[in-house]
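Asks: Okay, here's what each chain looks like letter by letter:
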Amino acid sequence: MSEGHAQALVAEQFDDVEQQRGATSLGMWVFLATEVLFFGGLFCGYTLYRGLYSSAFEAGSHLLKIKFGASYTVMLICSSLTMALGVRAAQLRRRKALLIFLIITILLGAAFVFIKLRYEWYGDYLEHLVPGIDFAPEGENLVVIQRFGAALPHVSLFMFLYFVMTGVHALHMIIGVGLLATLFILAWRGHFTGGHYEPVEISGLYWHFVDIVWIFLFPLLYLIGGRY
Amino acid sequence: MSTVAVEVPALPDVHYLNVSYGWRSWLLTTDHKRIAWLYLLAITFFFFVGGAAATLMRLNLIEPQGSLLEPATYNKLFTVHGLIMIFFFLAPAVPAVLGNFLIPIMIGARDVAFPRLNLLSWYIFMLGGSVFLYAVIGGGVDTGWTFYTPLSTTYVNTNVISAAMGIFISGFSSILTGLNFVVTIHKMRAPGLTWFRLPLFIWSMYAASVIFILAMPVIAITMVLLMLERFFHVGIFDPALGGDPILFQHLFWFFGHPEVYILILPSMGVISELVAAFARKRVFGYSFVAFSSVAIAVISFLVWAHHMFVSGMSIYAGLVFSALSFAVAIPSAIKVFNWTATMYQGSVSYDAPMLYAIGFIGLFTMGGLTGLFLASLAVDVHVHDTYFIVAHFHYIMVGGAVMGYLGGIHYWWPKMTGRLYPEGWARLSALIIFIGFNLTFGPQFILGYVGMPRRYSVYPAEFQILNVMSSAGASILAVGYIIPLIYLLWSARYGPPAGPNPWGAKGLEWLTSSPPPTHNFEETPIVTEEAYAYAQEEA
Numbered sequence: 019m020s021e022g023h024a025q026a027l028v029a030e031q032f033d034d035v036e037q038q039r040g041a042t043s044l045g046m047w048v049f050l051a052t053e054v055l056f057f058g059g060l061f062c063g064y065t066l067y068r069g070l071y072s073s074a075f076e077a078g079s080h081l082l083k084i085k086f087g088a089s090y091t092v093m094l095i096c097s098s099l100t101m102a103l104g105v106r107a108a109q110l111r112r113r114k115a116l117l118i119f120l121i122i123t124i125l126l127g128a129a130f131v132f133i134k135l136r137y138e139w140y141g142d143y144l145e146h147l148v149p150g151i152d153f154a155p156e157g158e159n160l161v162v163i164q165r166f167g168a169a170l171p172h173v174s175l176f177m178f179l180y181f182v183m184t185g186v187h188a189l190h191m192i193i194g195v196g197l198l199a200t201l202f203i204l205a206w207r208g209h210f211t212g213g214h215y216e217p218v219e220i221s222g223l224y225w226h227f228v229d230i231v232w233i234f235l236f237p238l239l240y241l242i243g244g245r246y
Numbered sequence: 010m011s012t013v014a015v016e017v018p019a020l021p022d023v024h025y026l027n028v029s030y031g032w033r034s035w036l037l038t039t040d041h042k043r044i045a046w047l048y049l050l051a052i053t054f055f056f057f058v059g060g061a062a063a064t065l066m067r068l069n070l071i072e073p074q075g076s077l078l079e080p081a082t083y084n085k086l087f088t089v090h091g092l093i094m095i096f097f098f099l100a101p102a103v104p105a106v107l108g109n110f111l112i113p114i115m116i117g118a119r120d121v122a123f124p125r126l127n128l129l130s131w132y133i134f135m136l137g138g139s140v141f142l143y144a145v146i147g148g149g150v151d152t153g154w155t156f157y158t159p160l161s162t163t164y165v166n167t168n169v170i171s172a173a174m175g176i177f178i179s180g181f182s183s184i185l186t187g188l189n190f191v192v193t194i195h196k197m198r199a200p201g202l203t204w205f206r207l208p209l210f211i212w213s214m215y216a217a218s219v220i221f222i223l224a225m226p227v228i229a230i231t232m233v234l235l236m237l238e239r240f241f242h243v244g245i246f247d248p249a250l251g252g253d254p255i256l257f258q259h260l261f262w263f264f265g266h267p268e269v270y271i272l273i274l275p276s277m278g279v280i281s282e283l284v285a286a287f288a289r290k291r292v293f294g295y296s297f298v299a300f301s302s303v304a305i306a307v308i309s310f311l312v313w314a315h316h317m318f319v320s321g322m323s324i325y326a327g328l329v330f331s332a333l334s335f336a337v338a339i340p341s342a343i344k345v346f347n348w349t350a351t352m353y354q355g356s357v358s359y360d361a362p363m364l365y366a367i368g369f370i371g372l373f374t375m376g377g378l379t380g381l382f383l384a385s386l387a388v389d390v391h392v393h394d395t396y397f398i399v400a401h402f403h404y405i406m407v408g409g410a411v412m413g414y415l416g417g418i419h420y421w422w423p424k425m426t427g428r429l430y431p432e433g434w435a436r437l438s439a440l441i442i443f444i445g446f447n448l449t450f451g452p453q454f455i456l457g458y459v460g461m462p463r464r465y466s467v468y469p470a471e472f473q474i475l476n477v478m479s480s481a482g483a484s485i486l487a488v489g490y491i492i493p494l495i496y497l498l499w500s501a502r503y504g505p506p507a508g509p510n511p512w513g514a515k516g517l518e519w520l521t522s523s524p525p526p527t528h529n530f531e532e533t534p535i536v537t538e539e540a541y542a543y544a545q546e547e548a
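Quick mapping for you: the protein sequence lines, in order, are chains A and B.
Going by our numbering, the first sequence opens with residue 19, and the numbers climb by one from there.
Going by our numbering, the second sequence opens with residue 10, and the numbers climb by one from there.
Next comes chain A alone, as it looks inside the complex:
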């Protein structure tokens, strides 16, 4: 890369590419520290009530649709791989590979959000499992709850936590998909493959973080209660 080209890629407040790269990456790590604390409040609530009402949480876990939870997990792990490959492609200045990996990641993320809202949550709604809107478990769901000897209000507490935790996570996914879509458009125009790959790298950090949150949510919500 020529010296002149390098200068144009550096924002005016920075002295050189090195400083800019360090600052951008540190900025994202600090932001992720914020995110840990943001989700931390929810995990704290989860821990408290799981200890207090463990049978209700186990019964609640049985009300969730495991096949969705498991397929999200596969999708998100794959999307983390394609994201990492995308970052690598940007570093190696391979525009076409970057575009391909970005679009796969976007599709996986968008599919996650779509399936979650359209099929899983809507299914929960049809089964009257949404606290605050329509919570009156019936049929098989009610049998499960009774089998665990769980109190309905406590099960609704679990379902509330499930909706808030996965909801906040899904919101992060939507933001992530928007972020990657922006990257895709810019990458299409040839950004990021001229040595200025930090935006791809830090968006990747964000994407991995959101995936990791899911890796915690999946077992804590779907897999408890001696289900497997």
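Warning: the hint list may mix true and false statements.
[Said to hold, decoys possible] Cβ-to-Cβ under 10 Å is the rule here; a few derived chain A residues that face chain B: (1) 41; (2) 42; (3) 48; (4) 53; (5) 56; (6) 174; (7) 186.
Derived from the structure by calculation, the hints contain no laboratory data.
All C-beta atoms, glycine included, are put in the ideal place defined by N, C-alpha and C.
With chain A's structure known, arrange chain B on it following the hints.
Replies: Positioned in the frame of chain A, the structure of chain B alone reads:
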């Protein structure tokens, strides 16, 4: 030095204030110095709104039966006063105004690491502030600034959701500001400016920024849960479902206590600068003062439950939190002793900023020592939710944080505007504020100790004398705050030019012109000496 002083100072031809004109050049600016001004205007507005609420409360409390307000209105006023002063004045005061203006200059950088993010923070702050004002104008909120559940989620009929939304939004402004400062301080320091050559203001701002980053997200998620619970009538704080309101208090204070240190740490940084500049000495025990800021930031996350000694908490947890709360006194005391030791045998001059600094040291000590009373379990049970608490935290927040802020504004005003403020008026108003403050809040210690609870619009007749004293003090305090508003505005236009270094102080900010150019320095400075190197010069 004397040869520099005889030159008649003049404003530089081009500086950050006159480099471009028009509202677009301000509202779309990414210059950290202009963003500091945007914040200054916003928080000054909020300060006087919050102050007006306090004025009405003090007027009401002149008579035992309440002279002015319906009890419900009174409840809304103390809630609005608390929320505005904490979230929309004190939290952004020193960081977003002085921090924004000074951090890049003090470390020899052209701007913060993320200038556009910095502007975005201001817009988020204004959006949060607007939503909050909407909540206030549209009927107010009366839960107290703590939003305790189930009062806030079930029982009150006021605008809890919109108020909480305002707090939620403005929290992100603080998070992004903190993030920007941490990265700036890590990555943007001038050549030669090692961590232990940094001004202590930077250390304090760093510690406060870390708290912003780690505490603000917790209040954000707590506000989300609160809003959901109030809106859908279901949630994890609802006792009807087996939820625990105490969990809300834990989450709130896990944020709320570090927040207190967000408010005081930046002002402590200002005081370190002022004491060194006006005693003409390097701060005594520099590294102790620096690390005490970090220690305060760390310990601040471990003391939250001392707000909950009477909330129904295990006595053993109470013991632990009591002990940890005592521990926070150590770094605070280190600062007070070291500032005092800095003044010892220094050539102290009593300009207005130094008057504020001295006021800070005295009042903060009062606030801190009464904090130790409150950290003791038995005493806390006696004075919990009384005016003793009110007096204690106002000694920290007003006697400490606001004094530091005003001292800092005066000290750096010549740098921000390029002009000198009228020193006589400034000293007079510092004095008025000191007297007014002590008259307002001193009697409240006694009121609380003899049993007057906080947050009531009426009180037994025997408390009237002390309440009248407090209200009289508040009116003096109000005068003390209005005088600087007038003369600072006047001096921004008509004050005599200050020159680059009117105080003869050390620090990179005094090497550049006043006001500084847009990129702060004509060329990046190279630092070869430690901070506050006053001794070398006089030797």
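Asks: May I ask which of the numbered hints given earlier this structure violates, with the numbers listed in increasing order?
Replies: none
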